[in-house]
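For the record, the sequence lines run as chains A and B. Just so we're aligned: 227 in numbering that gives the first Met the number 0 is position 228 of the first sequence, and the numbers increase by one with no gaps anywhere. Just so we're aligned: 304 in numbering that gives the first Met the number 0 is position 305 of the second sequence, and the numbers increase by one with no gaps anywhere.
There could be a bad hint or two in this list.
Claimed, not checked - Covered stretches of chain A (chain B as the covering partner; in silico rule of three or more C-beta atoms under 8 Å from a C-beta of chain B):
(1) 18 to 31
(2) 48 to 61
(3) 97 to 103
Said to hold, decoys possible - Reference listing, derived: stretches of chain A covered by chain B, where coverage requires no fewer than 3 residues with Cβ under 8 Å from a Cβ of chain B:
(4) 153 to 165
(5) 269 to 276
(6) 292 to 298
Hints were generated in silico from the structure; no laboratory data involved. Backbone N, C-alpha and C fix where the C-beta goes; we use that ideal spot for every residue, glycine too.
2 protein chains.
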Amino acid sequence: MLFTKTPTDRVSQLGEIALISKIGKWLGEVSPDSPHGMGDDCAVLPASNRKQLLTTDVLTYGQHFDDSVAPQDAGAKLIKRNLSDIAAMGGTPESAVLALLCGPDVCLTWLEQFFEGIRQSCETYGVQIVGGDVSSLPPGQFCAVLTLTGTVDTSKLRNTAKIGDRLYVTGSLGGSILKKHYAFTPRIEEGQWLANKTECSAMMDITDGLAKDLQALLPDTASAALMLDHIPISETAISYAKTTGRSALEHAFCDGEDYELLFALSATADPEAFEAQWRAHFPELKLSRIGQICERSPKGPYLDATTNEALPWTHGFEHLKSE
Amino acid sequence: MLFTKTPTDRVSQLGEIALISKIGKWLGEVSPDSPHGMGDDCAVLPASNRKQLLTTDVLTYGQHFDDSVAPQDAGAKLIKRNLSDIAAMGGTPESAVLALLCGPDVCLTWLEQFFEGIRQSCETYGVQIVGGDVSSLPPGQFCAVLTLTGTVDTSKLRNTAKIGDRLYVTGSLGGSILKKHYAFTPRIEEGQWLANKTECSAMMDITDGLAKDLQALLPDTASAALMLDHIPISETAISYAKTTGRSALEHAFCDGEDYELLFALSATADPEAFEAQWRAHFPELKLSRIGQICERSPKGPYLDATTNEALPWTHGFEHLKSE
Chain A
0 MLFTKTPTDR
10 VSQLGEIALI
20 SKIGKWLGEV
30 SPDSPHGMGD
40 DCAVLPASNR
50 KQLLTTDVLT
60 YGQHFDDSVA
70 PQDAGAKLIK
80 RNLSDIAAMG
90 GTPESAVLAL
100 LCGPDVCLTW
110 LEQFFEGIRQ
120 SCETYGVQIV
130 GGDVSSLPPG
140 QFCAVLTLTG
150 TVDTSKLRNT
160 AKIGDRLYVT
170 GSLGGSILKK
180 HYAFTPRIEE
190 GQWLANKTEC
200 SAMMDITDGL
210 AKDLQALLPD
220 TASAALMLDH
230 IPISETAISY
240 AKTTGRSALE
250 HAFCDGEDYE
260 LLFALSATAD
270 PEAFEAQWRA
280 HFPELKLSRI
290 GQICERSPKG
300 PYLDATTNEA
310 LPWTHGFEHL
320 KSE
Chain B
0 MLFTKTPTDR
10 VSQLGEIALI
20 SKIGKWLGEV
30 SPDSPHGMGD
40 DCAVLPASNR
50 KQLLTTDVLT
60 YGQHFDDSVA
70 PQDAGAKLIK
80 RNLSDIAAMG
90 GTPESAVLAL
100 LCGPDVCLTW
110 LEQFFEGIRQ
120 SCETYGVQIV
130 GGDVSSLPPG
140 QFCAVLTLTG
150 TVDTSKLRNT
160 AKIGDRLYVT
170 GSLGGSILKK
180 HYAFTPRIEE
190 GQWLANKTEC
200 SAMMDITDGL
210 AKDLQALLPD
220 TASAALMLDH
230 IPISETAISY
240 AKTTGRSALE
250 HAFCDGEDYE
260 LLFALSATAD
270 PEAFEAQWRA
280 HFPELKLSRI
290 GQICERSPKG
300 PYLDATTNEA
310 LPWTHGFEHL
320 KSE
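Please model the complete structure; the sequences and the hints are all you need to start from.
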């Protein structure tokens with residue numbers, strides 16, 4: 000468990016210096032020596048002739064994971080959430096700094112396993128943890144903030160799609176709360192491949208649900224005509240729907256934490272040819288053409304492409320809002 | 000006050016999107032548009048032929064500031080803490096990302112003033128806030144994590160001093176808890192000037208007290224012989240000592256959050272000539288030669304240079320440790 004009453008296994012029995020030293024050991028080769036890594040006032044990273052990417056994400060106990068998630072999976076999630084942002088720009092991940100906020104009762108055994116998940120993900124994706132900070136929270140609380148850098152030559156943005164462009168999503172959507180919210184694969188290679196395609200006109204990752212995130216990809220004067228039978232509903236969304244009384248399609252639209260790529264293909268591109276290229280490169284990852292960007296409809300941002308009627312789902316997951 | 004019971008002034012009445020939009024307005028020109036700033040999955044920063052610096056620091060209510068600190072000062076402190084780390088490497092600050100962790104009862108009026116302090120500090124030191132994340136904490140809690148990037152040609156590290164090198168500190172030490180912990184000036188220009196001096200053999204900033212931080216500057220096989228009458232005791236430390244029953248010298252050694260530079264001057268350099276150069280460049284910032292690195296003494300890390308006896312202060316501020 001994340002918190003413990005056993006005095007010798009509590010983070011508060013270590014000082015900051017001892018904890019940072021332990022973290023360095025837990026991370027192993029993923030934590031290089033100073034000056035490229037921990038141990039000085041800043042990490043010193045080599046110059047690069049590529050553009051730099053910078054992103055930060057929070058992982059909070061009770062919000063982004065709970066006691067049902069193994070500590071290794073929670074640690075991996077912290078890294079992969081940020082990796083998904085780098086993937087969405089078509090970038091290559093590089094170095095990260097980690098701020099750790101711990102209640103005094105955070106369990107050292109749990110924390111070691113959390114860092115095991117961090118280490119494994121960093122090894123898999125070539126990330127190095129080069130610095131950080133530790134600070135305290137009241138008992139019963141835990142929060143980690145990872146800031147990840149990356150590099151990119153040609154990045155894809157969210158706001159560059161045009162009317163007429165086709166809309167695509169990778170993988171399948173919905174029901175992530177049951178497992179995928181931590182057991183997902185950031186789409187790094189796919190993002191890099193798409194970033195090099197001039198016909199990919201805009202890209203982002205889906206973190207707060209298709210219903211919320213797709214609005215960020217649409218030009219201000221546009222709606223999206225969506226083919227409902229092309230929305231890739233996950234098996235989990237179908238199972239989950241049986242317990243919630245909501246439709247699996249609604250879950251695919253509105254659930255958060257899919258960590259799939261959402262992108263637009265230029266209206267002038269040949270979608271069949273593009274899809275054939277995709278299948279040749281990524282035979283194991285499903286790609287779904289879910290619709291097309293159209294002139295703004297007074298009916299709303301999303302239309303059923305078959306009936307031309309407005310879809311009812313326009314909101315995904317909203318952080319903070321509680322009143 | 001940081002927290003409020005007035006429903007319309009609570010952060011929870013806004014969603015994440017509305018809050019991020021407000022933050023963008025509060026930051027004004029310090030928050031550039033996407034892709035260099037907020038609004039996409041990552042910020043995209045231009046390539047640079049200089050080495051990159053990366054540092055992260057946490058600012059927590061109840062730990063790094065309390066209700067006696069004005070919100071503008073708390074916001075400025077968040078930026079300046081990180082700037083002090085960039086200064087300690089001799090770097091130039093560039094871009095930052097900000098993670099905000101808010102209880103639902105955080106007051107929007109307070110938060111606007113907090114961001115006013117952030118904006119002013121960013122303008123003063125040429126920092127841009129290019130992205131971030133918001134997340135929730137239980138009521139009564141507030142925490143901000145800033146990750147700051149910088150660039151540098153020749154950086155100064157902590158662990159490169161040698162036996163025989165002289166030890167220097169800028170400004171004066173101790174008693175920061177009374178005001179200086181937020182009302183300090185990061186030593187950016189001084190750090191850059193020192194980074195270009197080959198005779199400066201190592202550098203860091205003093206954040207956890209001279210007693211703790213100086214140990215990081217000493218080689219493993221060394222102690223420091225300190226001239227106690229050269230330790231720059233602040234006026235505040237003298238006032239504070241009258242209320243604590245501890246000596247002003249002890250406060251100068253052991254109090255945290257001085258945010259001054261601590262550096263070593265090569266044994267082969269002429270200290271008087273170096274000090275004359277300092278005075279010519281920085282006439283308003285006191286520089287104190289506090290001692291010299293010597294062979295490791297069995298008596299301890301710090302010796303009184305006059306008596307050759309061990310000094311009793313070897314610990315500064317330790318985060319987390321509470322049991």
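So, going through the hints one by one against the coordinates:
no.	hint	result
1	18 to 31	violated (count 1)
2	48 to 61	holds (count 11)
3	97 to 103	holds (count 5)
4	153 to 165	holds (count 4)
5	269 to 276	violated (count 0)
6	292 to 298	violated (count 0)
Violated hints, listed in ascending order, are 1, 5 and 6; each of the other numbered hints is respected by the structure.
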